[in-house]
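Take the sequences, apply the hints, and build the full model.
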Amino acid sequence: MSNGSSTFNCSLNCSQDYLDYYSNWFDYPLHLFPIPVLTGITVTCILLFIIGVWGNMMTILVVSKFKDMRTTTNLYLSSVAFSDILIFLCMPLDLYRLWQYRPWNFGGILCKLFQFVSESCTYSAILNITALSVERYFAICFPLKAKVVVTKGRVKLLILFLWVVAIVSAGPIFVLVGVEHENGTDPLVTNECKATEYAMRSGLLTVMVWLSSVFFFLPVFCLTVLYSLIGRKLWRRKRETVGPNTSVRDKSNKQTVKMLAVVVFAFVLCWLPFHVGRYLFSKSSEAGSLEMLQISQYCNLVSFVLFYLSAAINPILYNIMSKKYRMAAYKLFGIQLSAQRTTSTTKDESSRAWTDSSAST
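Each position in the sequence shown, counted from 1, maps to that position plus 9 in this note's numbering.
Bear in mind the hints are in silico, worked out from the structure with no lab data behind them.
From the three backbone atoms N, C-alpha and C, an ideal C-beta is built for every residue, glycine too.
Please note that the accuracy of each hint is not assured.
Here are the computed lysine to any residue pairs in the SDA-like style, where the Cα-Cα straight-line distance is at most 25 Å [unchecked claim]:
#1 Lys242 <-> Phe274
#2 Lys161 <-> Leu341
#3 Lys121 <-> Pro181
#4 Lys121 <-> Arg210
#5 Lys154 <-> Ala140
#6 Lys165 <-> Val143
#7 Lys74 <-> Lys165
#8 Lys165 <-> Phe91
#9 Lys267 <-> Leu153
#10 Lys165 <-> Val184
#11 Lys332 <-> Phe342
#12 Lys267 <-> Leu102
Now the in silico label distances, taken between C-beta atoms and shown as ranges [stated by the list, open to error]:
#13 Ser237 <-> Tyr307: 44 to 54 Å
#14 Val223 <-> Asp77: 32 to 42 Å
#15 Phe274 <-> Asp77: 40 to 50 Å
#16 Gly116 <-> Val52: 26 to 36 Å
Written as structure tokens, this is what we have:
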């Protein structure tokens with residue numbers, strides 16, 4: 010789901026500064042990493058592609074087809090699933106550049122477009138997760154107000170607004186990256202899809218790097234505060250004497266918050282290596298350390314895989330943690346469950362929904 014994308018990261022680090030650093034000692038290598046490493050990364054990414062596209066498509070279909078699944082919370086999750094699918098559509102070009110960073114043979118427009126899509130989808134995912142967490146906070150801590158304020162119509166408008174913000178924020182990509190080659194060389198041999206010289210000279214590159222960091226660390230801080238407040242509220246309710254209806258509602262809220270907290274944790278775990286790698290890279294550039302530079306590049310390779318893992322893991326988490334989601338998936342594919350199992354699961358889900366929302370329509 011988001012930290013400035015792995016695609017953007019490789020454009021800034023792998024193709025330009027990394028190779029310039031090495032050019033003092035020998036000609037540009039054919040591959041930035043050993044063939045066995047690239048093969049393992051490719052196989053892993055292909056598996057993630059299959060799982061991610063299938064799982065996120067299923068999430069969208071489950072929410073859109075079954076009326077009881079079209080809660081406000083699930084609308085956010087559908088938006089995240091849509092952004093993850095678009096991210097996977099960019100994977101083939103990402104893998105191509107990993108295997109052969111030069112020459113770039115697909116033109117300047119595609120170079121800019123696929124990185125713009127990846128960047129904007131990354132921003133959209135984290136914005137939707139943050140908005141979803143804010144909604145959960147209001148639904149749990151201020152349930153009466155949430156029923157009035159949080160409606161499906163307003164959530165749909167907010168999701169559209171978040172996509173606009175993400176697209177506008179990623180807009181500088183069209184200026185920052187492009188197809189360039191070294192002076193005096195054959196473009197058919199040395200063309201690269203990378204950060205442009207103009208971006209480096211103008212300072213736009215630094216601005217974009219800071220922006221991607223803001224889109225990671227600020228939401229993580231907000232999410233930490235929100236889930237801390239939610240946890241405190243639920244803990245206080247547990248210690249109070251409450252009626253049976255309130256107990257059922259709180260049990261449902263705890264199940265939803267538990268699943269969303271795992272989703273957020275997976276997001277942070279998948280995106281943090283990107284920022285660690287970028288920090289190491291900046292330090293290696295300042296110190297002129299070849300060893301630190303190599304470490305940072307392998308850290309970037311790990312973040313490359315985790316970037317696509319973050320886009321594939323959410324449907325897996327839904328399936329593991331929610332019986333209601335599994336039941337809806339079974340119904341979607343026409344799989345019949347035994348009567349006893351269906352009755353038991355339905356009874357259990359009366360208090361533990363996938364992502365129940367107290368908001369009205």
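Hint by hint, here is what the structure shows:
1. Distance check on the hinted pair: Lys242 and Phe274 sit about 20 Å apart at the alpha-carbon level, within 25 Å; holds.
2. Between Lys161 and Leu341, the direct Cα distance comes to roughly 23 Å. Compliance with the 25 Å bound is thereby established for this hinted pair.
3. Under the criterion of a C-alpha separation no larger than 25 Å, the hint pairing Lys121 with Pro181 is consistent with the structure, at around 10 Å.
4. At most 25 Å may separate the alpha-carbon atoms for a hinted pair to count; Lys121 and Arg210 meet this at roughly 19 Å.
5. Restraint check for Lys154 and Ala140: the C-alpha separation of about 16 Å stays at or below 25 Å, so the hint holds.
6. As the CA atoms of Lys165 and Val143 are separated by approximately 15 Å, the hinted pair is consistent with the 25 Å bound.
7. Proximity of Lys74 to Lys165 is assessed by CA-CA distance (about 17 Å); at most 25 Å being required, the pair is judged to hold.
8. Between the alpha carbons of Lys165 and Phe91 the distance comes to roughly 14 Å, so the proposed pair stays at or under 25 Å and holds.
9. About 22 Å separates the Cα atoms of Lys267 and Leu153, which keeps this hinted pair within 25 Å; it holds.
10. Taking the CA atoms of Lys165 and Val184, the gap is near 31 Å; set against the 25 Å cutoff, the hint is violated.
11. Note on Lys332 and Phe342: the hinted pairing holds, with a Cα-Cα distance of about 16 Å set against a maximum of 25 Å.
12. With a C-alpha separation of about 36 Å, the suggested pairing of Lys267 with Leu102 is violated against the 25 Å cut-off.
13. The hinted window of 44 to 54 Å between Ser237 and Tyr307 is violated, with their beta carbons roughly 34 Å apart.
14. Taking 32 to 42 Å as the suggested C-beta distance range, the pair Val223 and Asp77 conforms, at roughly 37 Å.
15. Distance hint check: the CB atoms of Phe274 and Asp77 are about 27 Å apart, inconsistent with the given range 40 to 50 Å.
16. Under the hint 26 to 36 Å, the C-beta atoms of Gly116 and Val52, about 28 Å apart, fit the expected range.
Hint check: violations occur at hints 10, 12, 13 and 15; the rest are consistent with the structure.
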